[in-house]
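What follows is the residue order along each chain.
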Amino acid sequence: AQSVSQHNHHVILSEAASLELGCNYSYGGTVNLFWYVQYPGQHLQLLLKYFSGDPLVKGIKGFEAEFIKSKFSFNLRKPSVQWSDTAEYFCAVNAGSSASKIIFGSGTRLSIRP
Amino acid sequence: DGGITQSPKYLFRKEGQNVTLSCEQNLNHDAMYWYRQDPGQGLRLIYYSQIVNDFQKGDIAEGYSVSREKKESFPLTVTSAQKNPTAFYLCASSIAGQGTGELFFGEGSRLTVL
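So the protein lines, in turn, are chains P and A.
Be aware that the first sequence starts at 274, since it is given in the working numbering, and climbs by one per residue.
Be aware that the second sequence starts at 343, since it is given in the working numbering, and climbs by one per residue.
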């Protein structure tokens with residue numbers, strides 16, 4: 274069965290630090306990959322997505338992610354975080370025999386010190 | 343405005359009672375989903391539906407039931423068979439089919455079993 278692993282459960286950074294959140298998935302076929310963000314008290318919303326083409330994808334608010342097929346990874350990055358990036362981040366995979374089945378990782382809570 | 347409406351926002355239930363959570367969308371999306379969100383476990387897929395009158399079990403379907411009689415509605419029943427029903431439940435929708443998968447989420451329903 275497909276699965277998604279996010280190894281960092283809680284990350285604490287100071288403003289202006291660089292960010293990288295890990296995401297690995299288990300599925301050997303074609304995948305669609307997503308990062309969602311949940312700001313405190315708000316809906317989950319899409320941050321960025323990869324379907325095909327350039328493995329480096331850019332999302333909203335300066336975030337980007339790189340799909341490395343050989344490593345089954347889709348890590349999220351941001352060169353310089355802001356206090357407003359404090360949120361929970363979820364990696365998700367859309368794969369398998371049912372293209373509509375979307376599986377999420379356990380999430381990474383990001384806390385930014387002002 | 344287009345979106346997903348979940349109700350009720352908060353619900354209390356006594357042990358042994360079934361409860362139904364409502365999810366309505368006016369986005370004309372084919373696919374709808376129910377996830378359960380628990381701290382440290384991310385979002386776990388309960389059921390999903392790609393089309394009216396059809397639905398599939400997710401990873402944690404035991405103790406839950408759904409119906410999809412109308413495109414815009416996907417209610418979730420938490421039955422007395424669900425051993426640990428206290429949780430935050432999220433409904434989502436998307437355009438079905440390969441190459442899509444972006445989810446739009448409702449505000450969620452928090453169920454507490456007393």
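Hints in this document: simulated from the structure, not taken from any laboratory.
All values reported here derive from a predicted model rather than from experimental measurement.
It is possible that some hints are incorrect.
Unchecked claim - Away from chain A, derived, C-beta distances all over 12 Å, residues of chain P:
hint, residue
1, S291
2, L292
3, F307
4, K331
5, E339
6, S346
7, P352
8, E361
9, F377
10, T381
11, R382
12, S384
13, P387
Said to hold, decoys possible - Some chain A residues well away from chain P (every beta-carbon gap over 10 Å; in silico):
hint, residue
14, P350
15, L353
16, K356
17, Q359
18, S364
19, Q383
20, L385
21, R386
22, D401
23, K413
Unchecked claim - Within a straight-line C-alpha distance of at most 35 Å, the following computed DSBU-like cross-link-like pairs (lysine-lysine) qualify:
hint, chain 1, residue 1, chain 2, residue 2
24, P, K342, A, K399
25, P, K334, A, K356
26, P, K331, A, K399
27, P, K344, A, K412
28, A, K356, A, K412
29, A, K356, P, K331
A virtual CB, placed ideally from N, CA and C, is assigned to each residue, including glycine.
The hints, checked one at a time:
no.: 1; hint: S291; verdict: 24 Å, holds
no.: 2; hint: L292; verdict: 19 Å, holds
no.: 3; hint: F307; verdict: 7 Å, violated
no.: 4; hint: K331; verdict: 16 Å, holds
no.: 5; hint: E339; verdict: 19 Å, holds
no.: 6; hint: S346; verdict: 17 Å, holds
no.: 7; hint: P352; verdict: 25 Å, holds
no.: 8; hint: E361; verdict: 9 Å, violated
no.: 9; hint: F377; verdict: 4 Å, violated
no.: 10; hint: T381; verdict: 9 Å, violated
no.: 11; hint: R382; verdict: 9 Å, violated
no.: 12; hint: S384; verdict: 15 Å, holds
no.: 13; hint: P387; verdict: 24 Å, holds
no.: 14; hint: P350; verdict: 17 Å, holds
no.: 15; hint: L353; verdict: 19 Å, holds
no.: 16; hint: K356; verdict: 28 Å, holds
no.: 17; hint: Q359; verdict: 28 Å, holds
no.: 18; hint: S364; verdict: 17 Å, holds
no.: 19; hint: Q383; verdict: 6 Å, violated
no.: 20; hint: L385; verdict: 4 Å, violated
no.: 21; hint: R386; verdict: 7 Å, violated
no.: 22; hint: D401; verdict: 7 Å, violated
no.: 23; hint: K413; verdict: 14 Å, holds
no.: 24; hint: P:K342 <-> A:K399; verdict: 28 Å, holds
no.: 25; hint: P:K334 <-> A:K356; verdict: 43 Å, violated
no.: 26; hint: P:K331 <-> A:K399; verdict: 33 Å, holds
no.: 27; hint: P:K344 <-> A:K412; verdict: 41 Å, violated
no.: 28; hint: A:K356 <-> A:K412; verdict: 29 Å, holds
no.: 29; hint: A:K356 <-> P:K331; verdict: 47 Å, violated
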